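Line by line, the protein sequences are chains A and B. Residue numbers for the first sequence follow the working numbering, so the first one is 491 and each next one is one higher. Residue numbers for the second sequence follow the working numbering, so the first one is 491 and each next one is one higher.
Everything labelled a hint here was simulated from the structure, so no lab data went into it. Given the structure is predicted, the values throughout are model-derived calculations rather than measurements. One should not assume that every hint holds.
Identical chains share a label here; the pair holds if one copy fits it or two copies do between them.
[What the hints assert, rightly or not] Here are the computed lysine-lysine pairs in the DSS-like style, where the Cα-Cα straight-line distance is at most 27 Å:
1) K652 with K580
2) K604 with K661
3) K585 with K516
4) K604 with K652
5) K661 with K607
6) K594 with K580
7) K594 with K604
8) K524 with K585
9) K516 with K580
10) K516 with K594
11) K607 with K652
12) K604 with K525
13) K524 with K607
14) K585 with K607
15) K594 with K661
16) K661 with K585
17) K594 with K607
18) K524 with K591
19) K580 with K525
There are 2 protein chains.
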Amino acid sequence: MTISMYQASVPIFVQFLAGLSAVLDKAAAFAEAKKVEPSVLLSTRLSPDMFPLVRQVRAATDHAIGACGRLAGAELPTFSNSEATIPELKDRIAKTVDFLKSLKPGQIDGSEGKEIKITFPSGAVREFTGQSLLLNNSLPNFYFHCTTAYDILRHCGVELGKRDFMGTPVKL
Amino acid sequence: MTISMYQASVPIFVQFLAGLSAVLDKAAAFAEAKKVEPSVLLSTRLSPDMFPLVRQVRAATDHAIGACGRLAGAELPTFSNSEATIPELKDRIAKTVDFLKSLKPGQIDGSEGKEIKITFPSGAVREFTGQSLLLNNSLPNFYFHCTTAYDILRHCGVELGKRDFMGTPVKL
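All chains should be built: construct the whole structure from the sequences, respecting the hints.
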């Protein structure tokens, strides 16, 4: 008995993307209650040279799509990267979840040894196996950005708990 | 082809615990250069009702030990939970890595369907399978605390990059 690549990827990303979307709902409610522009939250950073909230959310979706899409050999959906409101970010998350759910176990299972070469925006090229891409790179990066989005909002005073971050396991 | 429970757990936790230990080295160097007490960093929180850095590090080690130890059916090592310095936290991380490395693939592989019941400090009892404990709970919590430790230090001004968080994949 072992774990399938599908079970280690799609349902996990979907669980935590749903958590991230719910976290953004609480951010929107906080902004309304405090009468602050949501854009203030979206542009908040924990350090001047870290991504603001809006880019943490984009990066989380990018890692989910990049991992599952490449494992499946599917065309990767792209976004405008101009989302500037909470509803636009939630829409990006929803489209990401739709894409992940469109992938079938048969497309992803068996991809652990697949050779995957990624050219990063910097021009650097890195080679992965399906397993190393998922476990050593994409999931940790995904969690990094979901957590930092949560941390930024906690730092802003939004009332969130770990349970919001965790979402709810999904059966797929 | 699939992924083994061992490969999805021990080498991953070891990679990111090594990253966390190196992040603490940079925190120590920062404190020395800036002539601030390291305890100031260790007691920093992103929000008054979040754990300070010292507890983020403890929680990260707890999730790594709790997952791998329970999957293997091994006795879980315990700590004093009184660590108050960076060297003490690094020692806790090192002992955690030693424990994880002491577990053999044969103890963990095949544990995905194992029934695991956990009584939390609150008294709540939750039931998991080995797979749900690892993928839906322990790894996300582990990454949450490693990331928040990193985020706290970035917020304090420590010069860190994502590469420090990521550590280096290990062959085990």
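Cα distance capped at 27 Å. Does K516 pair with K580 within a copy, between copies, both, or neither? within (12 Å within a copy, 36 Å between copies)
If the cut is 27 Å between Cα atoms, do K516 and K594 qualify within a copy, between copies, both or neither? neither (32 Å within a copy, 43 Å between copies)
Quick one: K524 to K585, C-alpha cut-off 27 Å, is that within a copy, between copies, both, or neither? This pair counts as neither: shortest intra-copy Cα distance 29 Å, inter-copy 46 Å.
Is it within, between, both or neither when you check K607 against K652 at 27 Å Cα-Cα? Between. Shortest inter-copy distance 20 Å satisfies the 27 Å Cα cut-off; intra-copy 35 Å does not.
Using 27 Å as the alpha-carbon threshold, which applies to K604 and K661: within, between, both, or neither? Both, since 25 Å and 18 Å are each at most 27 Å.
One pair to classify: K524 and K591, alpha carbons no more than 27 Å apart. Within, between, both, or neither? neither (36 Å within a copy, 49 Å between copies)
State whether the alpha carbon distance between K580 and K525 is at most 27 Å within one copy, between copies, both, or neither. Classified as within; 20 Å inside a copy, 43 Å across copies.
For K594 and K604, with the copy left unspecified, which applies at a CA distance of at most 27 Å: within, between, both, or neither? both (17 Å within a copy, 26 Å between copies)
Evaluate K585 and K607 at a C-alpha cut-off of 27 Å and name the case that applies: within, between, both or neither. within (25 Å within a copy, 36 Å between copies)
When no copy is named, should K661 and K585 be tagged within, between, both, or neither for a Cα gap of at most 27 Å? within (19 Å within a copy, 36 Å between copies)
Should K604 paired with K525 be assigned to within, between, both, or neither, using CA atoms and 27 Å as the limit? For K604 and K525, neither the intra-copy (50 Å) nor the inter-copy (49 Å) Cα distance is at most 27 Å.
Pop the pair K585 and K516 into one bin, within, between, both or neither, using alpha-carbon distances up to 27 Å. within (20 Å within a copy, 39 Å between copies)
Comparing the model with each earlier hint shows violations of hints 8, 10, 12, 13 and 18; every other hint is respected.
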